[in-house]
Each structure stands twice: as structure tokens, then as C-alpha cells.
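Enquirer: Okay, here's what each chain looks like letter by letter:
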Amino acid sequence: MSAAAASSDASSSGSPGDSGTEGHLPPFVDRRDGYASVTKEVSDAVLERRPGRLWWLLLAFGGALTLLMLVSIAWLFYAGVGIWGVNTEVVWGFAIANYVWWIGIGNAGTLISSLLLLTRQKWRSSINRFAEAMTLFAAAIAGVFPIIHLGRPYLFYWLIPYPDVMEAWPQFKSPLVWDLWAILSYLIFSLLFWYTGAIPDFATLRDRAKGRIAQLAYGSLALGWRGSAHHWARYERYYWAMAAMGVPLVVSVHSVVGLDFAASLMPGWAETVFPPYFVVGAMFSGFAMVVTLAVPIRHALGLHDLITPRHFEAMAKIMVLGATVMGWSYLIEWFAAWYSGDIYERGLVVYEFVGDYWPLYWIMLFCNVLASQVFWFRPARYSIALIFVVSILVNLGMWLERLLIVINTLSHGFLPANWQTYAPTFWDVALLLGTLGFFFTLFLLLARFVPVVSMHEMRELVREEGAGR
Amino acid sequence: MRAGFDLEGLRVLARDGRPWKSLDELAGSEEARAWLESEFPRLAPLLRTDRRRAMGLVGAMLGMAALTSCGQPEEEVLPYVNMPEGLVAGNPLFFATSLPLGGIGRGAVVESREGRPVKVEGNPDHPLTRGASDAFMQADLLGLYDPDRSQTLTRRGTASSWDTFLGEAVPVLAKLGAREGEGLRLLTGAVTSPTFAAQVAGLRDIFPKLRWHRWQPIPPDNPREGARLAFGQTAEPRPRFDQARVILALDADFLGPEPAMPRFAADFAATRRVRRAGPETMSRLHAVEPLLTLTGVMADERLALRSSRIEAFARALGRRFGLGAPGPDLKDDEGRFLDAVARDLEGAGPAGLVVAGRGQPPAVHAIACLINAKLGAVGRTVEFLPPVEAEPVPHLASITDLARDMRAGRVEALFIVEANPVYDAPVDLAFEAAMERVPFRVRLALYDDETSAHCHWHVPAAHPLEAWSDLRGEDGTVGIVQPMIRPLWGGRTAHELLAVLGSNPGASARGLVEAYWREARAGDDFDAWWRAALQRGTVPNTALQPLAVTARTSDLPPPRFGSEEGLELHFPPDPAVYDGRYANNAWLQELPRPLTKQVWGNAVLIGPATASKLGLGDGDLAALALEGRTVEAPVIVQPGQAEETVGLTLGYGRSRLGAIGDGVGVNAYDLRTSQALWAAGGASLAPTGETADPPLIRTQDHHAMAGREIVKEATLATFVDDPNFVLGADDAPPDTTTLYPKWPYPGHAWGMSIDQTVCIGCNACVVACQAENNVPVVGPDEVARGREMHWLRVDRYYKGDPAEPLTLFQPVPCMQCEKAPCEPVCPVGAPVHDSEGLNAQVYNRCVGTRFCQSGCPYKVRRFNFFGYADDDAYANQGTEPFKAARNPEVTVRSRGVMEKCTYCVQRIQRTRIAAEVAGRQLEDGDIQTACQQACPTTAIVFGDLNEAGAEVVALKKEPHDYALLGELGTRPRTTYLARIRNPLSDEGEG
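Sequence order for the protein chains is Y and E.
Numbering-wise, the working numbering comes out as the position in the first sequence, counting from 1, plus 50.
Numbering-wise, the working numbering comes out as the position in the second sequence, counting from 1, plus 75.
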């Protein structure tokens, strides 16, 4: 572990220490690492080390926020959606913004796993496990919002086509029905992909576990994995097939979320650019969230050898790409509004810049477009601290974007007599913080019970990079 | 303690608050029972109640409880239109009656279901309403069920009984009778009831020195005094706007809160409808006024002027017409306006009409009368009738006399019927203190309010929907008031109280009213005549005959101008609570005021320039001072208001009324003195530096159309030149822009047309919709959060210079789009399109995603964020009595459900079923939506688009018909006729 500590010093200084000797990019994995050290580094975090005081403190913090989430939802069900700041004109508020934001975050894990696997970006191996877990958690949280935001949430199952005696079916023209299927498929896919991807690692943990309970638990999860060549051959085929399915799912879930808005007539929503724009936005915010999570996980679990500055550099590049595409998307929106000559669209764009929520809009533009531009510069891409800060800004900016998409349009529709602003209430904020806390708690538990880095893929990477021996 | 038992001991035991089931248990001893038995032998059997007897008593209680619950009136009431063999459960019955406002009877037809009145409409046979109504009439229904109405007769605040009251009143009256009624005073508002007047006349036999004082805060004094100045006889002008071509309104808000508004508005609108055929018949309205009113909004030419300048303007106009009306010269702009008005009036001749507002001094009314006489308009556009008020007296003088006499100790007994002088008498009379000197004070009123608090006896009054009486309309036509329901809380009518004074305490109101008419109509077969009168709601041949008037030639008295210094403070009646009598009516409190769109309160209104001079803006708290008295109120900057004027509507700041009205708004009566009932110079207004708390609540925050063609408008000249002016680039796309075939509607195809030229923004439709469709009240906090529930709203926009804006009203119900954006987005298909083109909402299918409203371009859907109708109802709105007011044909929506306008689908179905049962076809006009029926100007027309002869079809073929946001392709079934104005400048100055 002392080696890991040393390399962390080097990487956090921002200058890639061993790149000088190569005259080339630093590697995705430490050359000194071998199968054993990789496995040990990851599995010890789960099996050997006892949780420290910090872990318990953080769990208490996350648990408190989780409790806040539960109380918020309980009070919501008891008192009704009137406890939120929504009103007759701005009928949607934080709940929908949160939903879109969380589902966006739930995007990157699958993208990293599937798309990077398919494109043979090997560096994904050290981050894909927790990125996938992030997807799973975020998508699960996102899936809660469309249900609890209903006026009568206990009737959510009416969206499902089931044979009821009234022969009443869902309305298949509604994007919300598409949404239900998109989220549901995505959730199922994410769970399967994450779980099956971890089966070889569960087997490793089963083999290394010393306690009877852990052996039984991990043994059950490992589904009898023995690591035979047959297993591996089938596993590889299956995993690649899943990955191939994942990419269209990511696109579909986000396109459908975009259609929730685009299927209406409202200025600022009825735009053909919405589906791709939402996919890009989701990828962007998802990558930012991966970075936001990777930094503390790497530090807390001492995974400096496995999550290296090269990973951050790669992700910084993706962030600058995302930011630029987002900037283009905004430009297209503004241009389309102007070029269409539509007085309502034009009015909305002006309203975005100078209307009731103008500070939020400017902050959003800064966070989403400008902040990541710093990664055009190589030193910035190697400053983990900077990447961390920017990733948080992007998370904030993307959340603001989702909120503003909802409230700008609804506050500034067709008839000026209806123009009305939105202000969140305590319960709006409580639910947002509560879900963040819940997400955080799930991650703490994940880090405690599941290998956060895919050991079997890291071993493969170690072999391919020709490291150690 | 057990041994020495006494009643005091029992009281002490009871006082500690422990619950006790019987005195026996309370005392806990056999001795107690024995003692009670010996002390109260009649109670003794109750103390030995066995199980059998207890069951019997419980059964009897249940039976009696059922007996006392509300039912049909005991006396026979005759149905208006339908006269079924017997009541068919589920079918409504309609009864004619009259509802008072300011003493004037407004003919109504009340829909009653299983003995419960559920809706008020205008009576088509009554000359004042002619089938229409206004917001006050609509809201009277809610007032009936108001649980805050006093429910018990009280003596100095504690419950008492009618018999006890009689026991105390009769000796007092006997003593007064011995002195010919010296010191006996009666105070009422304006009374037009012939029966009441006859009763008072009868009382004078017993009490020759009885004095009958009159006070209502919006008194009819000035027009009468003006007519007396002009013609030397007591008369009241009755304008006939339908006959007028050119109208000048001198601070006269005849389209605003005013008892005869439905009549005036209908007459006015009759001259304003612009159609392709014959648009040149449109009349022209000139208005000179200090505050912006609904009349000013409709005016084609308007001049904002301080009240003190209006008399100068009127006098100058009088001189122009050759009257001896000395007065100061006019300023340039006033002069120009006057020239134009004068020329226009001269051109109109007998079709010209000058009307003056109640708040203008008698001299202005006299000038108006005399100019009308000069124009030859008397008998055509204006008639002079004897006052409809019985024994007319000037109200202000009358209340002043009463206050003086009370202070002097000359009043022995005061009977107050409905008037509320402690709250609304001029503040300088110190009425409350004066009243304390009267040894015997009795009040009959609906509410145990400010005045009742200072009376020895408070007698709950019967609501007009529970009472027998008779009332005259503004033209004198008598309408019989008949009860729709037995008094919910045992209220008494004024007639019954007067009967007590007349030593006939047992008389029933019905008996008194019927007896009066039996005598007044000397003829055969009274019973048939009486039944006919009750059925029609009006008594034939009771309209007053116009007086022959001749103008006096003598000069008018010299002007007494108000101060030109400082701000001029105005006290207009409120468009929602009138003079305060409707302050406890939640429908009216939550009704967006037509111009300010404020709800749940009033505000200091100031013009834009005055506001910037004083450094005040919307929602700031300002201190308004007049003659050393100060109130603090929130500010609203009102475009179009004369600068240096301040408006504060009457009727708020009630202190003892009920759960709805108490503490809402600011009491303008605190500043209103007998010298300046209507307007006072020398007021001052200063910012307090604070924001009003409770804050200003308005339902519309944006007042301009932001360059959007939402309310299309043009002048009459433009319309004549180019009738198709509304067709713009942004108009609805033609049918050919879609590849899909047009959806067929083979049966009926419902549609609506709203004429913005005659919509006066009066809000009658909004309350009518609320009453018809069980639209809940949400309360001030929820409105502040932007969650008002009105299915039909009236949007108001200003256009042009804030000092002289064009004000536009646009009633917005659901557009019932053929291509409705709300329908495809709902995941459960709650909004569905029916075969006749209605955009229906299936409430019990709705899960509350709100996707429909977020996509609705018109934002006409309303969401139950809380259970406004039941669990989370505002204040007392969820209590039992109000549930009786609900329309049983319309679902009451629960929490989490979206609701919307349905074109009153229940009315469509009811009428359709009735037609099918009768074996006939539906005809145009059979079905009226609630908003359409209430509208005094018939601005809203509903009908079948597939019926070639339907009025709505003709209206949609008018060249100025357009669809709101039609360019979106939603194909609304509701379309609008553009607002057409008829300003003078179009005629090139004649």
C-alpha cells in the first residue's frame, strides 16, 4: 500500500511522474501491478479492512439524508403535491427536473461500460464497475420521481397495460407511457449488466472470504462461477451482446425523456433537437458524476494504482467534448428561435437571458459550456483537483439546465396573462437533498460490500499492458 | 364534601373541566340525586332512566333531528317553468324570486334540487335582469349556506329566544306607544318593498312620532337631488342606454358594481354589437372619470380627470348647451375633449345621453338632466321616474339626524334592520358612541356583526332565499321574494320584526306580503293572480310611470369644489364585496377584481405618474391619511387613473363577521366622513418602506400582450374599411396543411363564440361557472401560490400609454380544441375527445401527471394540488352547509386530479335527455352554458356548429371572428370576435 500512497502523491501533484521516462502518455495501470496485487488491492477493501470511523460518520450523514428523503415522501403522500412549489401554470418543478437529471446521471455508467467496451477503450475497466452501480442507483432514484410526482401516486400502475375489467388501457400516444417502458427496460438492463459483470469478482470474493457468512453470501451471488474456459467464453459473448444492447438503450431512454417535452406545443419544448440534445446532456452529466465519485473513491479506498491520472485525463477530454456539444445545442436553440421568426420562441429565449430566472441561466451556461473549456489545456487535464471542481460545476449546471427547461417554458408560455414564476418550497429542497443522500448511502454500502473496481477486467488489462512480469 | 351537598358545590365540580355524564356522576352521591329530585321534581324521571327508555329517547332524538333538517318551505311555493305532478327526484325545479342589492330587487330564477337551492339565474321575465345576472346574484347562493350567518337570537351576546325578546320588547313598545312613539326610531337601508312601506305606514297609527331613518353606504341621494334642482320635483333619472347613440358618462360607472348593472349592460351592449351587416349602428361612449372603471374601459373616448375637475367640466359643458352654470374655465386638454363631446352630443340630438355618477354632486346631476332635456332626450334615452325607494329621504341627512338625536338622548328605542352603521356610517358621526346612549337597541341582520355587537338584541335575519317579501326593480317593477328553503337557522324577516312593533308578533311574513297584495290589488280571483305573480316572479303593471318634467330656467347653485390641493381620495364600491355586505362570501373574495386582478383584499390605487412621484410600486405598504386619520394599505399602480388621485374601495377590514371576511383588506370607512362621502381632497399618501403583509395577491402579474396578437382589436372605421383585418400571417393554417382527413362530427358539434366588443369584464360568468361546476375556493395562501381554480378566467391586458391605456378583456374558458394538445400526452387517457367535439376530462381516470396542463397553450386546466373540495378546504368552506350548495350533476373533484371547463356538459346532457323524452329535436338556444346564461351582455354564445341556423354559426362566419393562438393548429371550438372600438377621431372630427 505504500507504493500506492507514493503514486498518489505523484498524481495529485498534477504532473504525471512516470510519463517523462516514456516520453509518452502515462499508463492506465501501474507497471508494477500484477494479478495478485490488483486483486488484493480491490478485494482487501471489501474483505480485510474494517470500516473506519470516517465510513461510519459518512454513513450516518447519508443515512440522515435518506431519512429526510423518506420523511419527504411520506409527507408528500400524506399531504399531497401541494406541499411543493408547483402552481397552476408551472405545474412541474423540482420533481421533473430531478427526474431528468438523475436519469441523465444514470446514463454514463452504461455508456462507459458498453460503448467503451465495444470501442475497446480498455481504460474503462477501472471505473466501469462503480459507474455501472452509479447508473443503477441513479436510474432507480430517477424512476421514483415520475411516480411520486403524480397527484394520485397510488394509481401509477394505470400506466401499465394490464387486463382490467373496464378495458381501460394506457394511452400509447403519450410519451409518459414510452417513458415508463424506457425507464423500466433501462433499469432491468442496468441491473443485469452490473450484476453479471460482477459475477467473476463475486467468485473471487467467495474464494478469498474467511467468514462463513461472507462465503455464503458471495458464493450465492457468484452463481457457481468457477472460472473455467467455458465460463469465460460464454461470459465474454454474453457480455458483449449485452453491451451492444446497452448503447441503443441509453439513446432511447434519453430520447424518450426529451420527447416528454418535445411532444408538446410549448415554446422551448417543441424542438426536434430535443432527443439528441438530451442524450448528449445525459452523457455529459453522467461523466461528470463519474468523475465526482471517482475522486473520493480512489482516495478513500487507496485505488491510486487502478484509477490513474490517465483515466481522469480521458474523462476530462470527454467533458470538454460534452461541454462543446452542449454549447452547440444551446446555439442551435437560440438560432432556431430567431430563424423561425416565432414570436413565442424568440420571447422565450429573451426571457431565458433576462427573465425571472436569469442568474440561474447564466450560471448554467458558465457551468455547462465555459467551465469545461479549461480542459483544452493539458495541465488542466492532469489536475485532479481541477477536474473534480469542474465536474461538480457540471453536475450543478446540468441540474440547473433541467430545472430551467421545465420552469422557463412554463413560466413564459403563450399568453402573458398566465406568466407566473416558480419558487421551490422546503419540501422540494428536502427531497432533492434526500435523494442525494440516499445515492451517497448506497455508494457507501457498495464500497463496503462489492468490489468497486472490476478485478477480472483489471487483470486482463494488466496482462495486455504487459505490466510487471 | 359528600354530606353537605349544594348546587354551588356541583358548579365548582363542573368547573374543573372534567367531563361528566350526569349530575349524579358529577356529584357522585346518592344524596345529590335525592336533593335534585326534591329540588327539581320534573327532572326526576330523567334521573331514573332505564335502558328501554334511553333507547326510546335516542330514537326520538333521531326523529326530531331529521325533522329539523333543511327541507322545503312549509308554505306552498310555486314552480316557475316546470310544474310537475310531483317532485321527481334528480330533476331540478325552478322558482322565481327577487334578490336585493342596495334595496333594489333583481329578478332571479333559482334552481332547486330536492329542496336545496343550488344555482341562481336571472329571471327572463324581470325587466332588470332579463335572464342575466351579475357576480353578486350568483354569489348570493353561497351566502345562503354561510355557517357564519348568525344562528341564534342573542341578548347582549348570550343566546336567547324569540319569546324572551318579545317579553322584553313589548313593554318597551307599550311605554313608547303611550308617548305616541316619541323616541322610537327605525333604521334601514333603502327599502323598496311595498309591504314593508305599508307596515311602516301602519305603525304610524300606533306611533305617530316614529321616525324612519335610512342609511346605506352607497346612497341614492345625489341623482335625486340633481333632478330636484333641474326640474323642481323629486325624481330619479333612469337611463335607457339601448336608445342612445352617443353617451357621456360623468364619473358614472353604470357597468360596474351597481344594482341595475345587468339591465344597463344589456341595453348598452345592444347598441355595441358589430356585425358584418350594419356596423354603423354602433353607439359611442365618452367617459370622464377619476379612477379607471369598467365603464371607462368600454369608453371609446375617455378623459381621466380629478373629481374636482369633473364638476368644472360638467359646468362648462352646461354653458356650451346654454345653461346658466357658472364655473371656472377648462384646461386645454379638457377643453378639446369637451368640444368633441359637445359636437358629438349635438349631432346625436335626442339620441344623446349624459349620465352622472352617484358620487358626483347634485349640480352635476342637474346639468346632466338639463343637457338631456336640451337634447330632447328626455323620454327617449332617459326617463324620470318617481324614486323606487319607499318614502324617499336623503340617506346622509337621515343618518346624521339619527346620530345627533342619539347623542342628545332623544332616542329611546332603536330598531336596526340590516343596516350596519357601526361599520359603515361616516366616521365623523361617531355612530357607535352615540348609539350607546340609546336604552333599547334591537338589530335584525344576517350576521352578528359590528353593529349587533353594540345592540342589546340581535335577531338573526332570514336570507333573501329563505324569506318572503317583495322588492321593486330599478324601474319600479315589483318582484315577489319567495323562500326556496325553510330558514336554515331560524332567521326572521324584516316584516316579522315590524309586525312585533305593530303589536302583531305572530304574523308570518308570507301572510303579511300576501295580505298586502290582496288589498293592493282590488280584483277578483286573487288566488289565481297571486299564483301567476309568484310563477312569473313579477307583479304585472307595477313599473313606475315616467314623470313629465320641465326644466327650470333658474341658474344652478355656485359650485362647491373640493380641494385642488394634495391627493384626492375616492371611495368607490368594490366589484367583489360591494359595500362590505359580501365580505364573508368566499366566491366573491376569491374573484379576481376586473381591473386589478387582486383577490382577498383591497388596495390603494394610484396612477403611474403619481406612483413614481411618491416612490411607490405594486405591493408596497403605504400610509394613507385624510384629516388626521390614517390607514395602511398595499399599493396597486392602476394605469389610466387620473394622476393625483387615490382610490380605496369600500367593504373591507371587517372585524366581526366570519371566518372568510374578518381582517381581509383595509377598512376605507375609517377615512370616510359625511363631508366627503365619495371623494375628498387633501389626502396624503406616504411609503412606509415596508412590503405589505399579508402581501398583495393577484391572479395576473403581466399586463401587456408583449407584442402578441392575443386580443385583436380595431376601430370601427378600420373594420368598415377592411372587415377581414383580423386575418394575419399568424392565423390558423387552412385545412389543406394536413394530410389527414378532417375528422367528421356527424351529430352535434358544440362550439362557442365570445364577443370581446361587448364583454365588459364584469365577472358574472366566472362566479356562475364556479357555482355551476362546484369549483372550490382555495383561499388566499393558495391563490398567492398561483393555484386558483376558476375554470373560466377573464384575462385583462393594457395596450398603449399607461396614462391612457386601452384596456382589453378576454374571457378564457377551455377552447375545446379539435386537435387538443392535452389529449395525446396523458398516459392514462383521462382527457378524451367525445363524438361531439368536447374535450372531456375523466376525473376518476386522472392520475395527476399534469402533463395536459403543461402542454396546454391556454393554460385552462386546473389541478387539485390539495383536497380543496373536502379535506383541505379553506377555512369553513368544507363544512356541511356548503355541501348542500353543490350541483349534484357535477362530480366533486378529489386531491391530485386535473379538472377543466366542459362547456357545462351536464347541461348539454340534461337538455338532450329532456328533448328526447319530449320527442323533439334540440334547437338552438335550448342549451345554455352557465357563463353564457349569466352574461348580462350576451357576449358568450354557445351552440351546435352543425346546425345551419344556429347563432354561433353566424357569429363564426363574421369577418372579425378569430381563434386564440389559432396559428398553433389546435383548431379551437371557442373563438373570439375582435374588439371593435368607435373612437371619435375616426370620423375626422365630424
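Hints are not guaranteed to be accurate.
No farther apart than 25 Å at their CA atoms in a straight line, the calculated lysine-lysine pairs in the PhoX-like style are these [what the hints assert, rightly or not]:
id : chain 1 : residue 1 : chain 2 : residue 2
1  : Y       : K223      : E       : K449
2  : Y       : K90       : Y       : K260
3  : E       : K688      : E       : K787
4  : E       : K672      : E       : K817
5  : E       : K787      : Y       : K223
6  : E       : K817      : E       : K1031
Chain E stretches covered by chain Y per the calculated footprint, using a threshold of three residues with CB under 8 Å from any CB of chain Y [unchecked claim]:
id : segment
7  : 766-777
8  : 870-876
9  : 895-903
10 : 919-932
Chain Y side only, calculated, beta carbon under 10 Å to chain E, not exhaustive [unchecked claim]:
id : residue
11 : P101
12 : G102
13 : A386
14 : S390
15 : A435
16 : Q470
17 : E514
Everything labelled a hint here was simulated from the structure, so no lab data went into it.
Computed from a prediction, not measured in an experiment: that's the story for all the values here.
Quick reminder that beta carbons are idealized off the backbone N, C-alpha and C, glycines included.
Enquirer: Is it true that the CA of E:K688 sits at most 25 Å from the CA of E:K787?
Expert: Status violated; Cα separation ~33 Å.
Enquirer: With a cut-off of 10 Å on the beta carbons, see whether Y:A435 makes it to chain E.
Expert: violated, 41 Å
Enquirer: Given Y:Q470 was flagged as interface, is its beta-carbon under 10 Å from a beta-carbon of chain E?
Expert: holds, 5 Å
Enquirer: Does Y:S390 hold up as a contact with chain E if the rule is Cβ-Cβ below 10 Å?
Expert: Check failed: Cβ of Y:S390 comes no nearer than 12 Å to chain E, outside 10 Å.
Enquirer: Count residues of the segment 870-876 of chain E with a Cβ under 8 Å from any Cβ of chain Y, then say if the count reaches three.
Expert: holds (count 3)
Enquirer: Taking 10 Å as the limit, does the beta-carbon of Y:E514 come near enough to a beta-carbon in chain E?
Expert: violated, 48 Å
Enquirer: For the pair we were handed, Y:K223 and E:K449, check the Cα-Cα distance against 25 Å.
Expert: violated, 70 Å
Enquirer: Check, residue by residue, whether the segment 895-903 of chain E contains three or more positions whose beta-carbon lies closer than 8 Å to a beta-carbon of chain Y, and give the verdict.
Expert: Coverage by chain Y holds here, the residue count being 6 at a Cβ distance below 8 Å.
Enquirer: Do the numbers back the hint for Y:P101, that is, is its least Cβ distance to chain E under 10 Å?
Expert: violated, 42 Å
Enquirer: With a cut-off of 10 Å, does the beta carbon of Y:A386 approach a beta carbon of chain E closely enough for the hint to hold?
Expert: violated, 17 Å
Enquirer: Under the criterion that the straight-line Cα-Cα distance not exceed 25 Å, is the pair Y:K90, Y:K260 satisfied?
Expert: Status holds; Cα separation ~14 Å.
Enquirer: Are the Cα positions of E:K817 and E:K1031 separated by 25 Å at most?
Expert: Between E:K817 and E:K1031 the Cα gap is close to 18 Å, so the pair holds against 25 Å.
Of the numbered hints listed earlier, those contradicted by the structure are 1, 3, 4, 5, 11, 12, 13, 14, 15 and 17.
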